[in-house]
Each structure stands twice: as structure tokens, then as C-alpha cells.
Amino acid sequence: MKIAILGFGSVGRGIAQIVAERDTGLVITAVADSKSGCIDNNGIDPLELINRKEETGLCGEKGITAEYIIENAEYDALVEVTPTNAETAEPSLGYIRLALSRGRNVVTSNKGPIAKNYAELKDLADKNGVRLKYEATVCGAIPIIHTLQYGLAGNKVKRLYGVFNGTCNYILTRMADEKLTYKEALLEARELGYAEADPTYDVEGIDAAIKLVILANAIFGMNKKIEDVEITGINSLTSQALELAEEDELTIRLIGEINNEKGILKVSPRVIPKNHTLVVQDTLNAVTIDTDLAGEITLIGKGAGSIETASAIISDLLFISNCHDGSP
Amino acid sequence: MKLEIRDTPGQLVAALKPISDLGGNIKSVIHERDPFNDTGFLDVRILLEMPEGKIRTLTDSLKSQGVNVLRINEERFLIRKSVILIGHLLHTDLSDTVDKIDSTGFAEVGELAMIMPSINEPTSAKMTIISENLGNLEEAMNLLKDIAEDKKILVIEPLEEF
Chain A
2 MKIAILGFGS
12 VGRGIAQIVA
22 ERDTGLVITA
32 VADSKSGCID
42 NNGIDPLELI
52 NRKEETGLCG
62 EKGITAEYII
72 ENAEYDALVE
82 VTPTNAETAE
92 PSLGYIRLAL
102 SRGRNVVTSN
112 KGPIAKNYAE
122 LKDLADKNGV
132 RLKYEATVCG
142 AIPIIHTLQY
152 GLAGNKVKRL
162 YGVFNGTCNY
172 ILTRMADEKL
182 TYKEALLEAR
192 ELGYAEADPT
202 YDVEGIDAAI
212 KLVILANAIF
222 GMNKKIEDVE
232 ITGINSLTSQ
242 ALELAEEDEL
252 TIRLIGEINN
262 EKGILKVSPR
272 VIPKNHTLVV
282 QDTLNAVTID
292 TDLAGEITLI
302 GKGAGSIETA
312 SAIISDLLFI
322 SNCHDGSP
Chain B
390 MKLEIRDTPG
400 QLVAALKPIS
410 DLGGNIKSVI
420 HERDPFNDTG
430 FLDVRILLEM
440 PEGKIRTLTD
450 SLKSQGVNVL
460 RINEERFLIR
470 KSVILIGHLL
480 HTDLSDTVDK
490 IDSTGFAEVG
500 ELAMIMPSIN
510 EPTSAKMTII
520 SENLGNLEEA
530 MNLLKDIAED
540 KKILVIEPLE
550 EF
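Here the protein sequences line up with chains A and B, keeping their order.
Quick note on numbering: this note's numbering labels position 262 of the first sequence as 263, and the sequence is numbered without any gaps.
Quick note on numbering: this note's numbering labels position 111 of the second sequence as 500, and the sequence is numbered without any gaps.
It is possible that part of the hints are untrue.
In the PhoX-like style, the derived pairs of lysine-lysine whose C-alpha atoms are separated by at most 20 Å in a straight line are [claimed, not checked]:
id : chain 1 : residue 1 : chain 2 : residue 2
1  : A       : Lys-275   : A       : Lys-159
2  : A       : Lys-263   : B       : Lys-540
3  : B       : Lys-489   : B       : Lys-534
4  : A       : Lys-180   : A       : Lys-275
5  : B       : Lys-534   : A       : Lys-267
6  : B       : Lys-416   : B       : Lys-391
7  : B       : Lys-541   : B       : Lys-489
8  : B       : Lys-541   : A       : Lys-267
9  : A       : Lys-225   : A       : Lys-263
Label-pair restraints from in silico Cβ distances [claimed, not checked]:
id : chain 1 : residue 1 : chain 2 : residue 2 : range
10 : A       : Gly-95    : B       : Phe-495   : 54 to 62 Å
11 : A       : Asn-261   : B       : Asn-509   : 38 to 46 Å
12 : B       : Asn-509   : A       : Asn-260   : 31 to 39 Å
13 : A       : Ile-227   : B       : Asn-509   : 54 to 62 Å
Because the hints were derived from the structure by calculation, they are not lab data.
Treat the numbers as computed from the prediction; the structure is a model and nothing was measured.
Each residue gets a CB set at the ideal place from its N, CA and C atoms; glycine is no exception.
Generate the whole structure from the sequences, applying the supplied hints.
Here is the structure:
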């Protein structure tokens, strides 16, 4: 199956690396980063691509844009891994619309367009008889979307809750284990590259809320916006609060929760027994799905990282190529 | 509850055993020996916590042990939920916060533990609210959340009921 990759940062390069090393049947025919692009409908050598990017900072020639690639390259699936803009969802949203309208499958790691415009994009994909896949948008490497759509098909999900943000989980783990203050733990997370220079999205619970909105809309068919999520972050937590929890063998974690029965959609710090399944360490993510037939299922894994995100993208691509022959 | 037991060795233990067997928690035992009472019986007052609906089984079990149940004061406040509060608890009148919950009549603040790091830093506290049933407990929790919102206090609730 032929793929075109938009965005050649760490995730894009991770995908190229996997295509180079494994027999996936995937062929890269076009790539674009923010400044350049290249097209070869017979296939581009992924290792050459990675080297060129490392040496020159560009993946191709200046002047070949993402739009040009979407409209002119030969590909079955567009891999859209450009940086996320959670407010406008652009330019990613425009790229996805364009590719779907051309009758091409789309696989994305971009939370913005899926959280904001899922219903519209799904409609567009259906009209054109192609697939829109977005496993990488929620919990990185954990196949939560696939589990909900296929693994648990036929079940009614009563409640879904867990740790959706690795940065917050790291901070809370360190506050509990090492008695660090919130500020100290955040500083450490930054130094290790787990938190961004501006950690607002993570620590205020917005990132976790966006993931809940994606699940609510894409899996449960709701029509939710980020404003519909009740959000409390971890930025005002004190180490004394964790100390008080500790006295009763409890701790605190930032939990995202969708409760279909009680109509709850919220992200908030919660008190939880230290030996609870969802009390995972460091930057891990963990989600429990409570269903009527299968009971409770908990998935634990890496929620971020370039190879981990690439894993989710590759899995979506192979699903399309295995189940749909790749042909649009 | 107030019990009348035979004043012979081993009888008190026999009266207490069914309580723990049924999952009850004995809070206190007051054992009064009246020097002018020569009936051969002792009055014992026991304060205990029992799961809802087990009281009848307990009295039956006690009767079969030859223990006379003189009086049972209706059990109250058995369900508890602990939350962690962060904020300027004292500056926002903590006793008013507690009073508002206590004055509902159906719930009360059972325990309160606080850590105050220094002046002007937010205080962290663990507050346990107890009530007689889940519905009332939820109502008291909602009241606490409303108070907390007014006073800009963060309420951290448990993930599960425990």
C-alpha cells in the first residue's frame, strides 16, 4: 500500500524507520515537512529520507507543499502527523478534508481535528468510501480505539476511566514517592523532556480532556466539545495532600472519566488506593473500560513517544491495508 | 445498645462475639456493676458499628446465647467518605464549613486532619463525612462541593466508593 506522510518530525521519522526495517508492505511515495516536500510514485528509500532530513533539515525540495502532495502524489493512505493545534486544528484539518475528498484513506495522530470535527470528517470519509483512523490520538501506543471498536464490539460500555496524561502521572508519582513539591516535580519533568516549556495543556487537564472528547464523539457518538468536560488540573496540588492520602495507603492521580450511565465527562485529581490497577508509575497511561458483557478490562502502556506513536500509526495503516486491500 | 447478661465468667465475651462475627465494629463497652443488684445479671452498654440490615440477625444471635437485649438505639451514620481539601481553609472559616454539613441533620463531619505548611500557603486537609445512607452522603458531598466552590477550595474525591 502506498502512503504519503505529512509532517517529518520524530513521529514521521519513526514511521519511515519502521517501514525501512520491517516487511509491512508499505511504500512511501511522498513526504512533506513544514518547509519542503518530495514525491516519487515508485517509492522513496526511507533511510535516504531520514538521512537527508538529518543532514539538511529538509525532507525534500522547497516549493513542494503538503497541499501539492495531497492533490498530486500517488498514494492510498495519507499519514497526517503534523504538529497539533488544539484551537483551530489547522492546517491538519484542511489536509485531512482534502485527502478524504480525493477518496484517500487518512491516518492521523492529530488530536485537534478529531476532537473538533470528527462527525464531519467521518461523514466525508464514508461518502468517499474510505477510512479515517486515529488510534495515535488517544493514549499513544495503547490500542484503545481498536479495543473499543473491535475487541469489545457488541458490548455496552458503562464507564471508561483512567490515566490519560503521562506528564501529570509523572509529576504525581514523584510528589508521592519523593515528597517533592508540585513545582519541583514539574521542573524535573521538564528537564527530562516529559513536560513542555509551557506545560499548561498537560497540568491543567486540557490534554486529558481532549482525549475524552475524542472517545466521547468517535466511540460513543456523542456531540461533545472541550467546554463540555468538567476539568480540574493538578497545578494546585500540595505535597501535604499526598501525605494525607498516604496515611491511609491512598494516593492521588489525575483521572479522566466518561460515565455513560451518569452522564459524567470529567477530568480531575482523585484519591485512589495505592494498590489500585490504575496507579501506574511515571509516564505510563492506564485505562479501565467497564462493560456489560466483558466486565472490566484495563489497558496499560506508553502514552507518548515517537516510536510508540508510530506504532499506533503503523497499526492503523496495516488495518486498512489488510481489511481493505488498501485500495480506496 | 443495652444488654443484660448473666454475671458469670465468659458471658461478656459470648455477647461480644456475634458482633464481630457479623462484621460489626465495637467502639466502646460500658460495663456497670451495681453493688445493690443481686439479680445475678449485669447491664452492659455497647456502642458499635454494624452493616445496614444486620441488627436483626445480631439480636437473634444474642438471644440464642441467653443474652437479653434491653434496648437498641437506632443505628446512625454508617457510611463514610473521605475527601482531601486544598485551599485557605482557616481564612475561609473552617468551622462554618463544618457547621454547614453538621447542621443538615443527615450527615456530619466525622474526622478532620490538617497540615498547614506556613502562613499564606494553602492548607491541606482530609475530611471524612459520615451519614446514614448513600443518598444523604451524596447530598452532603454536593453541599461540600458548593461551599468549596464559594470558598475557592479544591475538593479531591475518591475514584471509587470506599
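Practice task
Take a quick look at whether Lys-225 of chain A and Lys-263 of chain A sit within 20 Å of each other, Cα to Cα.
Solution key: The hint holds at about 15 Å.
Handout entry: Given hint Lys-489 of chain B paired with Lys-541 of chain B - CA-CA distance at most 20 Å
Key = Answer holds: Lys-541 of chain B to Lys-489 of chain B is near 16 Å, not above 20 Å.
Practice task
Return holds or violated for the Cβ distance of Gly-95 of chain A and Phe-495 of chain B against the range 54 to 62 Å.
Solution key: 57 Å Cβ-Cβ, so the 54 to 62 Å window holds.
Exercise for the section: Please work out if Lys-180 of chain A and Lys-275 of chain A have their alpha carbons no farther apart than 20 Å. Expected result: holds (15 Å)
Problem - Given pair status - Lys-391 of chain B, Lys-416 of chain B, alpha carbons within 20 Å - result: holds (14 Å)
Problem - Range hint 38 to 46 Å (beta carbons of Asn-261 of chain A and Asn-509 of chain B) holds or violated - result: holds (43 Å)
Practice task
Quickly compare the C-alpha distance for Lys-534 of chain B and Lys-267 of chain A to 20 Å and report which way the hint goes.
Solution key: Holds, at about 15 Å.
Exercise for the section: Please work out if Lys-263 of chain A and Lys-540 of chain B have their alpha carbons no farther apart than 20 Å. Expected result: violated (27 Å)
Practice task
Determine whether the Cβ-Cβ distance between Ile-227 of chain A and Asn-509 of chain B falls within the hinted range of 54 to 62 Å.
Solution key: violated (33 Å)
Problem - Pairwise beta carbon distance, Asn-509 of chain B to Asn-260 of chain A, judged against the given window 31 to 39 Å - result: Distance hint for Asn-509 of chain B, Asn-260 of chain A holds at roughly 38 Å.
Practice task
For the pair we were handed, Lys-489 of chain B and Lys-534 of chain B, check the Cα-Cα distance against 20 Å.
Solution key: Judged against 20 Å, a Cα distance of about 12 Å means the pair holds.
Practice task
Please work out if Lys-275 of chain A and Lys-159 of chain A have their alpha carbons no farther apart than 20 Å.
Solution key: Measuring from Cα to Cα gives roughly 24 Å; hence the hint is violated.
Comparing the model with each earlier hint shows violations of hints 1, 2 and 13; every other hint is respected.
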